[in-house]
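Engineer: Residues per chain, in single letters:
Number of protein chains: 2
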Amino acid sequence: MADFQLTILGSNSAIFNHGRHPTAQFVHVNNTHFLIDCGEGTQERLVEHKVKWFKINYILISHLHGDHYFGLMGLLTTFNLLRRKEKLTIFGPKELKKIIQMHLKVSNAKLNFELKFIATNPDGKNLLLDLPNCTVFSFPLNHKIPTTGFIIQEKQFPRALDLEKIQQYDIDKSNYKCLIEGKDILDKNGKKIKNNEITKKQETIKSYAFCSDTIYDTSIVKYIKRASLLYHEATYMDRDKNRAKETMHSTTLQAAQIAKKAQVKKLIIGHFSSRYIQLEELETEAQTIFEETELALEGKTFKV
Amino acid sequence: MADFQLTILGSNSAIFNHGRHPTAQFVHVNNTHFLIDCGEGTQERLVEHKVKWFKINYILISHLHGDHYFGLMGLLTTFNLLRRKEKLTIFGPKELKKIIQMHLKVSNAKLNFELKFIATNPDGKNLLLDLPNCTVFSFPLNHKIPTTGFIIQEKQFPRALDLEKIQQYDIDKSNYKCLIEGKDILDKNGKKIKNNEITKKQETIKSYAFCSDTIYDTSIVKYIKRASLLYHEATYMDRDKNRAKETMHSTTLQAAQIAKKAQVKKLIIGHFSSRYIQLEELETEAQTIFEETELALEGKTFKV
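Which chain is which? The protein sequence lines are W and H, in order. Taking my numbering, the leading residue of the first sequence gets 1, the next gets one more, and so forth. Taking my numbering, the leading residue of the second sequence gets 1, the next gets one more, and so forth.
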């Protein structure tokens, strides 16, 4: 089982308010570190919440509204000033490449590290990364401008070792890799042992799904089915649902409906409108439909 | 005498550190409000330090290193979300116009307010604004990329009313404007009164000079001569003067030398390198050359 955690860095919508900051999240799956969205001031939040921010390998940007990416150039500049050497890969809407290039050009900056940009496709589910310990996909959200969500899935071998049963056989440990891959093996005496005699079915694969800004849209459900943890924006309370529709955002109840339909284990809601000073009522309202709901409070860490 | 004040919003160099933030300053001259430079997170500092930020009429950007302008797009977006209607004018390097336009385009944003951009000229002293209560000029600094300083000068009429003497005459108040402009007038009986009988010489004109990022360069002195208040960067202590030269920044002693040569009334130093945790030693070092030196501490307000 991977060490798979999410830390909330910012979860206010649009503007800074009530000590809350625009969207940014830090995720790690073992030694792979992701930043998802990067609102203004994210570099300060990363330090404040003591995550391993200098180890970020991948930055995923959902869309080009400022509250989701205005902190990106500052973070890249800081990486450079602190003499980062490791390659960094950014996934985001295609126009972002030009924006980054232009900012670097006007400041006459030369990066010390390799920066790779990969444009996301706002249509359909797309594999972004196939890493040894996880895979990352983008999928479409329904907002004012092209927007994608992201899903990070722990990668597991098809079978898990059944350690109790293995002890009954005379097997060299070098065979373990073949076993978790589902292959039959030979014991030390050359006798064939069938895979399912000494392995068991793998537990559910853990996954984290991120739905940044979107109107209520059940077509998202298919992309996030049975996620271990779902972040879904809930900018508004149900009483402000007309405003949610106008601005192409969701309400607490709508986020909870999506979580319920997708049969996820846990929902966290965020991207709170500044009109709500106390957030507890958003949590309580979402829980009327999906009990396992928590607020995406800044600094909070969730195990996936 | 105008109500002319400066509030420091950020005075760290390059990166966020020790609770310090990148460059930004708020200046008002009566009802005219300026933001000078706009590092990342400036919108949060403006609220934190309780200045009349929504009234900013003019934004002056010295150069396009990120720590001097990465907060600009966020501030413009916030003005828009909060339904600003008043015109805003930005002065800055010509490439900034394209950057602003590109960010607005990708977010499909339409501003509710008129945004005027005026490119600064990095060569020579140039009049940017001639307002009823002040004038603003840019002047060249010597840094890695084109950079300007700014000087804001209170505008005063050539003469001030001598209220004691005026009481001895029978003069209608409608003549006061002519008097401060230096003209002779007629009293209520039609008798000519010479201007200098009832006016006195105006006090020194107050001015604030801002020198953001620059290597030590005495050619700057002529632009800031006898300023009431001078901000001059002092990124480094004298012991790090080689580093200052390499990075085209100044030391405390160099900033103090400039203040002394320009015969300013008061110097404030800022743009502190993150290598200095305690700043008092920078102040003390500058004071060995120019006694009237203070630190540009965040949240601090200076009367010009």
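The set of hints was computed from the structure by calculation and includes no laboratory data. By construction, the Cβ of each residue, glycine as well, lies at the ideal position given by its N, Cα and C atoms. Be aware that one or more of the hints could be misleading.
Claimed, not checked - Restraint ranges, calculated between C-beta atoms of paired labels, are given here:
| # | chain 1 | residue 1 | chain 2 | residue 2 | range |
| --- | --- | --- | --- | --- | --- |
| 1 | W | N30 | H | E281 | 31 to 37 Å |
| 2 | H | E86 | W | K300 | 44 to 50 Å |
| 3 | W | L127 | H | I145 | 22 to 28 Å |
| 4 | W | K87 | H | K225 | 19 to 25 Å |
| 5 | W | E283 | H | F117 | 41 to 47 Å |
| 6 | W | L82 | H | T284 | 25 to 31 Å |
Engineer: Given the range 19 to 25 Å, decide if the beta-carbon distance of K87(W) to K225(H) lies inside it.
Structural biologist: For K225(H) against K87(W), whose Cβ atoms are near 51 Å apart, the range 19 to 25 Å is violated.
Engineer: Taking 31 to 37 Å as the hint, is the beta-carbon distance of N30(W) and E281(H) inside that range?
Structural biologist: 44 Å, violated
Engineer: Range hint 25 to 31 Å: satisfied by the CB atoms of L82(W) and T284(H)?
Structural biologist: 29 Å, holds
Engineer: Lying within 41 to 47 Å: is that true of the beta-carbon distance E283(W) to F117(H)?
Structural biologist: Holds - the Cβ-Cβ distance for E283(W) and F117(H), about 44 Å, lies within 41 to 47 Å.
Engineer: Should the hint that L127(W) and I145(H) are 22 to 28 Å apart at their CB atoms be regarded as holding?
Structural biologist: The hinted range 22 to 28 Å is violated for L127(W) and I145(H), with Cβ atoms some 40 Å apart.
Engineer: Can the suggested window of 44 to 50 Å be confirmed for the beta-carbon pair E86(H) and K300(W)?
Structural biologist: Taking Cβ atoms as reference, E86(H) and K300(W) lie about 39 Å apart, which means the hint is violated.
The structure is inconsistent with the numbered hints 1, 2, 3 and 4, although it conforms to all the rest.
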